[in-house]
Structures are given as structure tokens and as C-alpha cells.
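**Q** Okay, here's what each chain looks like letter by letter:
Number of protein chains: 2
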Amino acid sequence: MPTVDVHTHMYPPALMSVLRDRQAVPYVRLFPDDVASGDRLVILPAEESGSTARGRPIGPEYYDVAKKIEFMDAHGIDISVVSIANPWLDWVAKDEASEMAKLVNDDVEKMCREHEGRLFHFATLPLSADVADVVKEVERLKKLKFCRGIVMGTSGLGEGLDDPKLDPIWQAIEQQQLLVFIHPHYGLPSEVFGPRSGDYGHVLPLAMGFPLETTIAMTRMILSGTFDRFRDLNMLLAHSGGTLPFLAGRIESCIAHDAHLKKGGMIEKRRDIWEVLKKNIYLDAVIYADVGLKAAIDASGADRIMFGTDHPFFPPLGEDEDQWLSVTSNMSAIKSALSGDEKVEQDILGGNAVRVLRLTA
Amino acid sequence: MPTVDVHTHMYPPALMSVLRDRQAVPYVRLFPDDVASGDRLVILPAEESGSTARGRPIGPEYYDVAKKIEFMDAHGIDISVVSIANPWLDWVAKDEASEMAKLVNDDVEKMCREHEGRLFHFATLPLSADVADVVKEVERLKKLKFCRGIVMGTSGLGEGLDDPKLDPIWQAIEQQQLLVFIHPHYGLPSEVFGPRSGDYGHVLPLAMGFPLETTIAMTRMILSGTFDRFRDLNMLLAHSGGTLPFLAGRIESCIAHDAHLKKGGMIEKRRDIWEVLKKNIYLDAVIYADVGLKAAIDASGADRIMFGTDHPFFPPLGEDEDQWLSVTSNMSAIKSALSGDEKVEQDILGGNAVRVLRLTA
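Going line by line, the protein sequences match chains W and F.
Residue 291 in the UniProt record's numbering is what sits at position 291 of the first sequence, and the numbering runs on without skipping anything.
Residue 151 in the UniProt record's numbering is what sits at position 151 of the second sequence, and the numbering runs on without skipping anything.
In short, the hints are calculated from the structure, not lab data.
A hint or two may mislead.
Same chains, same names: a pair is fine if it fits in one copy or spans any two.
[As the list claims (entries may be wrong)] Calculated pairs, SDA-like style, for lysine to any residue (alpha carbon to alpha carbon, straight line, at most 25 angstroms):
no.: 1; residue 1: LYS263; residue 2: LEU325
no.: 2; residue 1: LYS262; residue 2: PHE31
no.: 3; residue 1: LYS110; residue 2: ASP320
no.: 4; residue 1: LYS165; residue 2: ASP199
no.: 5; residue 1: LYS102; residue 2: ASP228
no.: 6; residue 1: LYS67; residue 2: MET331
no.: 7; residue 1: LYS102; residue 2: TYR63
no.: 8; residue 1: LYS102; residue 2: LYS145
no.: 9; residue 1: LYS343; residue 2: ASP298
no.: 10; residue 1: LYS278; residue 2: SER339
no.: 11; residue 1: LYS269; residue 2: SER332
no.: 12; residue 1: LYS263; residue 2: GLU252
no.: 13; residue 1: LYS262; residue 2: ASP322
no.: 14; residue 1: LYS143; residue 2: GLY156
no.: 15; residue 1: LYS136; residue 2: GLU99
no.: 16; residue 1: LYS145; residue 2: THR360
no.: 17; residue 1: LYS143; residue 2: ASP107
no.: 18; residue 1: LYS335; residue 2: ALA256
no.: 19; residue 1: LYS278; residue 2: SER336
no.: 20; residue 1: LYS279; residue 2: ARG355
no.: 21; residue 1: LYS279; residue 2: ALA66
no.: 22; residue 1: LYS269; residue 2: LEU317
no.: 23; residue 1: LYS269; residue 2: VAL131
no.: 24; residue 1: LYS262; residue 2: GLY76
no.: 25; residue 1: LYS94; residue 2: SER37
no.: 26; residue 1: LYS262; residue 2: GLU47
no.: 27; residue 1: LYS136; residue 2: ARG40
no.: 28; residue 1: LYS343; residue 2: GLY264
Working from the sequences, and respecting the hints, build out all of it.
**A** The structure is reproduced here in C-alpha cells:
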């Protein structure tokens, strides 16, 4: 059974040259006052200020497919399902969005074709375009042999994933049986992390802002009845669902005790969160510990969990480390959580992805 | 083995009359334009606006000890360790805080004395007073026979629980072996829940804002080295730690990959999050599902988890329900998570609290 990485990013060459030309977040730049640290990638407004360095170093591991393959080989990963990294194309002007999506999706498709059997991809939608044009791009994806789904942030058309204006897009995605990989980007306002948060590097926004963003977005989708209207819509959630498996009980309890929802009749008629977790949701295994991974398995079932790395983010801090801690800790968590059940271990490492995404070497 | 509820609130009579006299949050009021819905308790600014009713109905279950005992009897709870509910005394003017804390703590102590064997309590500190006066109140608690700890929000002296100005208070608490019950109140800014969040009642802020607040506060304490300076400081975290058990792996991974923290030497020298979870932290079992409860047990150990109800919050929506769903779902979660291990079940239902809090009937 192959090992499959379903959470792995790239900025393909076509997108890199766009990012290098930009003057506002997101962009790639060599800062004249800090040439020594090389090109920096800035994708979050918070990365421009504060006590820490601007953005993060960006090397060929972000855009050179040879580096992706090298990384895969070093970690025993047979197949990667790549997606472009946040913030995707959320920032693109309306009249440029459709063309940009085609450019980027075709560039990634080409990369996969040139490494047939090793690479598949999740495509990106031009969400700032008219809904009809977004639907057109969804339909165009049929022609891309290596496309297996769509990567998406939490802002949707700008007002979140519970926006009813998204319905035609969900419908097209459902019809085409594409998996939607939901990934956070926007985090939480920096003031929630407190007056000393800069002392702690990027730990608080990365470790907590990201997972909460995913959890809020998915809970809003559930509360808005999206999975009642699109019962065959399938989502893969980054970082094992943010905190959804752990909080699902509290969310259901808050729903069951909410007088406002009861008055509106919402409590009785919806597909509840446990059903959504087992019928509409897949979770990656990017959670870095067996405690969280076991909760993810408990919530959605071992047949719905898929290994991932988040490469090229979270590189080792040491220079010469061939094995990335961010990868080995997720591999160890799987072993530890399954305590010797090799069949299920292999399913999570690759079998589930092969089945759900119809991957063929 | 008795069943013990460690997460249960009251506004004692002395505090109720203060809340009834107030004109700003927090307060208790009969609204002239809505007399039919009776007295309302408003403790969060967000409860004053939006599409839902102002605050929540407040009846004698919030302030009448006879109602607490009746609730305990109906649910087979032998002992309750009561704490006053949020926002505690965080809002009290500096020059009134010490007197108010004495008034409230003595009122709760009296309640416990009048129901000896059924009630113990977590006291409240006058955190808006001078630090020296806060320490004085911690020391005065020695005289209160039924006091077993201190309930506290996440704001500390106004700048969070990682504020070094809290050190003399932690030191006094550590010396006196009082357990600090950390409970959320402030949540997250309402805009993070999105443009349609009002349609979903109070679900999003209650189900997600509260747990995140706790998680952020505790992670800041850990990152600031508080548990390295006060290695015997013990905290009980509401709602099974917010999301701390699930996110612990991600938090540790973000620390291990943060160049800023590495430069400061923080990565190597601290007590890590797993050690804090097993040596300094106890978790209540207010998580409403076995998925989350199992993660809490995995993270801290079954000997550190304690049953709670959150009474009188989350009453049943039906009029005639004697058994509260918010209680029975937490009891079922314990049974289901332990799958028949009655010894551990009893430890979580009461044994751990009896041992850790030195409770005697």
C-alpha cells in the first residue's frame, strides 16, 4: 500500500512570478535592509509587524517540483496530492480571477503529468469571480486528469462557507464528486492572543488561530444546513478538523440548549454534527500527537483519516536534518494511536486516500 | 464513593443584591418592555444586542442554595464544590474589591457550613485590588473551613495569566495548596463568528469562544514559564481544558519549529505541555461526548479528570424535565469512555475530587 500525503503545498512557477511582482500581502520579496536572510514569503498581515522577522524564508522547496519529489523520497512518501498554499487566489481582482485560476490549475496539472504516478492535485477556484464563472472552472476541472478535488479557504465568496450564494458551487462540486480540502488562513484577530503574544513567536496564531478558524467555518456550514442540502458533498479538513472532533460534543450540546434555535425549528431537522463527521467529512492526520489523532479517529472513523505533512511549512530549525520533525511526529502519532494494527495504520498512511481519491500509480 | 460536581456555579445572595443594583454588564434586571420573560441575567456584552433575547432568564437556581441541593439530589450528586459564576469580581472598582471579595467568600462559606458534607467551594479573589491585597485574601482563605481553591477568569490583573505581576499571587496559592479553577468568560470578538452568527443563537461564542479563551490563556501561561517558576501550582481547567488536550501536539510542534523561540532559548529549558498536563493540570469532564473525554483522559491521565455539570447554566429547554440533558450527557460520556471500568468511572465521578480536594462528608 503506497504512502500518500494529502496535505502538501506548492506555489507553482506561474504563481511564484505573480507573487514576486506584488507589493502587498501576499508577496515574495528580498528586503533591502535584510538581504542576508534571502527571499521572504509574507502571506499574513501579522507577519509584517511585531517583534519577529517579516514572513518566512522561501526557497525552492516552495516552488520547485524536484524538491517536492526529493522530500517525498526522503520520507518514504509514494504519492502527494498537492494544493497551492494559502491564501490561494482569494486576493485576486474579480476580472483577473478566472484567467489566474486557469493559469495556476493548468500549471499544477502539468507538474503532475510530468511526474505521473507520484503527483495528483487539488485545484483552486477563482472565488472572487462571478459565481457562474466559478462554476465554469469547477466544470473545466473534469478535463484535468490529475485533479482530485479543490482546495479552499474559509472565506468563500467573502462571507464564509455558510453563505447561501455558494450553493451553485457546492452543487457543481457535489455532482463532479470532487473532494473539497478546507484549509485555514485568516486565523483570529491578533489582539485575542494578548499583550505578550509577540514574545512567543508565531506559536499562538499558528497553533490556535488556524484550528479555530477551521472549526468556526465548518460549524457555520453545519448550522446553516449546507450538509442537509448537499448530502453528498465531501470535505477534507486540514489539521484533523482544527478542533472539531474535540468540541463536537459541546457544539451539539449548545445547539440542543439554544432557545433561539429551538424556536426556529433548527434543532430537530438537521443532520447532526456526528453524522456530518461520519458522512461528509474526512480529516487529515496533521495533528502531531496520538491524543488528537485518536480523537479524530473516534469522531470520523479510521477509514476517513488521511496522512499529511503540511510540507514545505514547518521545516526543521537545524540545518542538516534530512528527516523533518513535522513529518516524523505525524508518522509516530499514527503508529502510537493504532498500537500495532498495521492494516488500519496503512489505511491512514495511504489506503484511505487511494480509495477516496481514486489514485492510481 | 461519592459523586462530586466540581464545576457548578452560584451567585450567592450577597452578590445577587449587588447585581440587581447595577446598570451595566454584569447585572440582573426585569426589562420593562419584556416583563413576561421575568428577571434576566446579562453577563456578556454580546448578550445585550443581536437577534436573540437579552441575557438569559434567571431564577432561584442561580442564588437559592435549596435549589442547588434539590438539583444535586435529582442527579445523584453527593457533594458540590461551588464557585461563583463569571464574571466573578473582575468588574469591581479597585477600592471596593477587597471588601467585596470578603463579603462574597464569607457568604459562600456560610452556605457550605449550613450544608456541611454537601457543599465545599472555590473562593474568588479581588483581582482589581493591589497585588498585596489579593495575596492577603489568599491568606485569609486559610480560615475558611470549606474553601478548597480559587475560581479565576483568564484576564488576571487585566493582562492575562502570563503576566509576571501575578507571581506573588501564584506563590501564595502554591504555598497554600489551593487548586485554581480556570474558567472562561470573555470569549472571542463577535466578528470572528461571521456575518450570520446571530442566526445560530449563542452556539458559536459559547461552543467555541469559551474553549479557545481557556486554551489561549493556558498556553500563554506555559509559554511564559509560569509552571517552571511554580512547579507545584495546580490548576483545574473548565470544559476539559477548552481544546488543550486536542491541540497540545500542534502547540508543541509550533514551539519546536519557531525560530524566534529557539533564538531566545525557550525551546529547551521549559516544562513541556505534556508534562504540564500531567503534573500541574486537572481537567473537568464537562465535554458532553466520549470523544473529547477520552482525549482529556489520554492527555492528563484518568486520575486527573473530575466530573462537573456547569449548573445552573444549560437548563433543559422543555419545562418538565427533571433530569438535565447537560448533566446526563456528561455522565453518559464517562460511562462510554471507560467502557465498563467501574473503578476509573468512580474516580472520575468523585474519587479524584475527594482525593485532590481533601473532601470529607
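**Q** Starting from the hint list further up, note which numbers the structure goes against and sort them upward.
**A** Structure breaks hints 3, 5, 21, 23, 24, 25, 27, 28.
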